[in-house]
Amino acid sequence: MYQPDEPGERVDTGTPSNTEALVTKALEGSREAFEEIMRLYQGQIFRMVYMRTRSRMDAEDLTQEIFLRAFSKLCALKDAGRFRAWLFGIAVNRIRDHHRKRRLRSLFFVQPQAPSEGTEIAVQNPYESVSGLAEQEFWKRMEPFLAILSPMEREVFLLRTVDELSVGDIATAVHRREGTVKAFLHRAIKKLRRQPLLLRWLKEEIP
Amino acid sequence: MKTEHLSEDRLVRAVIDLGDLSEPEKRHLLACPRCKTEWEDLEAQLQKLGRTAHRLAPGPFRAVSLTEHKLRPRPFWRPRWAFSWGAAAAAAFALIVFLWGAPFKPETDGLGDEMRIEMTETERFTLEIDRVSEDALPQTLSDLFDEGLSALDEGFLHFLLPVSGDDEFSDQRRNGGTKPC
Chain B
1 MYQPDEPGER VDTGTPSNTE ALVTKALEGS REAFEEIMRL YQGQIFRMVY
51 MRTRSRMDAE DLTQEIFLRA FSKLCALKDA GRFRAWLFGI AVNRIRDHHR
101 KRRLRSLFFV QPQAPSEGTE IAVQNPYESV SGLAEQEFWK RMEPFLAILS
151 PMEREVFLLR TVDELSVGDI ATAVHRREGT VKAFLHRAIK KLRRQPLLLR
201 WLKEEIP
Chain S
1 MKTEHLSEDR LVRAVIDLGD LSEPEKRHLL ACPRCKTEWE DLEAQLQKLG
51 RTAHRLAPGP FRAVSLTEHK LRPRPFWRPR WAFSWGAAAA AAFALIVFLW
101 GAPFKPETDG LGDEMRIEMT ETERFTLEID RVSEDALPQT LSDLFDEGLS
151 ALDEGFLHFL LPVSGDDEFS DQRRNGGTKP C
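Chains as they are written, first to last, in the numbering used here: chain B, 1 to 207; chain S, 1 to 181.
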């Protein structure tokens, strides 16, 4: 398996100055600099996409697509220091398009029965069955909570808690004002506090 | 004297951005053990949730590559708006034909019946050849395949649902995807 960073490692937000320098080089036409950026950020973007699609294959394809799009639109980036927020913004758009296409397909055609979540995870991680079971357990508890959030509440909540973006970066990524992002985040966190089972599980079962 | 603790709203606000609290609220938060514990617990819960989601998510199998699926540059003769305008014109034409079909009906051309039959046969034969060259499988076998997924291919979906714009950061437009700028 390709591992741009160690599994389980907390989000590597990179050295901002290093990323900024690489983006500046890439803007000057250095392909190698952009390839280095891809290596730095692939793990983050892949996980971000995976958590929103729950499909490894889709996550692989979308990650590739996101970086190609970022490369082709890099000159649209005004501030090299905001590269991460900008990249996540592209990812948010691609994932939204992906879900819209899936919904459209499902309107016209009956999709072949998808394998159950457990099967998919087991097939995806043949050597990581323990991790696969833990993942199933985690999502079994997370999904009811995510289901009660509105799409924007869910997006800003995940961007903040899982992807570790600042409020300012989330605002850039989802093209909203910071005050709006804070309002969505506020509602999402209050809804989380109304989930005693999830909170107890997090407190007691997760080290 | 009764102590005023921070409400749930203010605690959540502190977690999102401590700077949003007023100075007296901040001082209270840092000095009051009860409020401080609640605030820290909530922070810890969110961090734990994020850390767990991250730890359990798999990593990518393959490295992304710029050469794998290079985006093709849009040809100068086919600008972005051409496709949608073309589709709109075709739809309008189809509607006109549907509503006022009579004016477009072929007039009697004076050909003999024998000639017309032969032309119809030739046309039918040509259509049959086209059909077989596109899909040689008999209908019964074709039905075995799931045509649902192929019928709505990526190109058609892209036409129906154009890609969301990422241009909010600049007025610059795409350059074809072969180089950054």
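Since the hints were made in silico from the structure, they are not lab data.
A quick note: this is a predicted structure, and the numbers were derived from the prediction, not measured.
Do not take every clue at face value.
[Said to hold, decoys possible] Straight-line Cα separation of at most 20 Å, EDC-like style, residue types lysine to aspartate or glutamate; simulated pairs:
| hint | chain 1 | residue 1 | chain 2 | residue 2 |
| --- | --- | --- | --- | --- |
| 1 | S | Lys48 | B | Glu153 |
| 2 | B | Lys190 | S | Asp41 |
| 3 | B | Lys191 | B | Glu143 |
| 4 | B | Lys191 | S | Glu38 |
| 5 | B | Lys191 | S | Glu40 |
| 6 | B | Lys190 | S | Asp113 |
| 7 | S | Lys48 | B | Glu164 |
| 8 | B | Lys203 | S | Asp41 |
| 9 | B | Lys101 | B | Asp79 |
| 10 | B | Lys182 | S | Glu25 |
| 11 | B | Lys78 | B | Glu178 |
Results for each hint:
1. Note on Lys48 (chain S) and Glu153 (chain B): the hinted pairing holds, with a Cα-Cα distance of about 19 Å set against a maximum of 20 Å.
2. A hinted pair counts as satisfied when its Cα atoms are at most 20 Å apart, and Lys190 (chain B) with Asp41 (chain S) qualifies at roughly 14 Å.
3. Under the criterion of a C-alpha separation no larger than 20 Å, the hint pairing Lys191 (chain B) with Glu143 (chain B) is consistent with the structure, at around 13 Å.
4. With a CA separation close to 16 Å, the supplied pair Lys191 (chain B) and Glu38 (chain S) stays within the 20 Å bound.
5. Distance restraint check for Lys191 (chain B) and Glu40 (chain S): the Cα-Cα separation of roughly 18 Å lies within the 20 Å cut-off, and the hinted pair is therefore satisfied.
6. As the CA atoms of Lys190 (chain B) and Asp113 (chain S) are separated by approximately 81 Å, the hinted pair breaks the 20 Å bound.
7. As the CA atoms of Lys48 (chain S) and Glu164 (chain B) are separated by approximately 12 Å, the hinted pair is consistent with the 20 Å bound.
8. Using a Cα cut-off of 20 Å, the hinted pair Lys203 (chain B) and Asp41 (chain S) holds, with the two alpha carbons roughly 10 Å apart.
9. With a CA separation close to 31 Å, the supplied pair Lys101 (chain B) and Asp79 (chain B) exceeds the 20 Å bound.
10. Between Lys182 (chain B) and Glu25 (chain S) the alpha-carbon distance is near 18 Å, which keeps this suggested pair within the 20 Å criterion.
11. Of the pairs offered as hints, the one joining Lys78 (chain B) and Glu178 (chain B) holds, with about 19 Å between alpha carbons and a cut-off of 20 Å not exceeded.
This entry does not satisfy hints 6, 9, going by the numbered hints stated previously.
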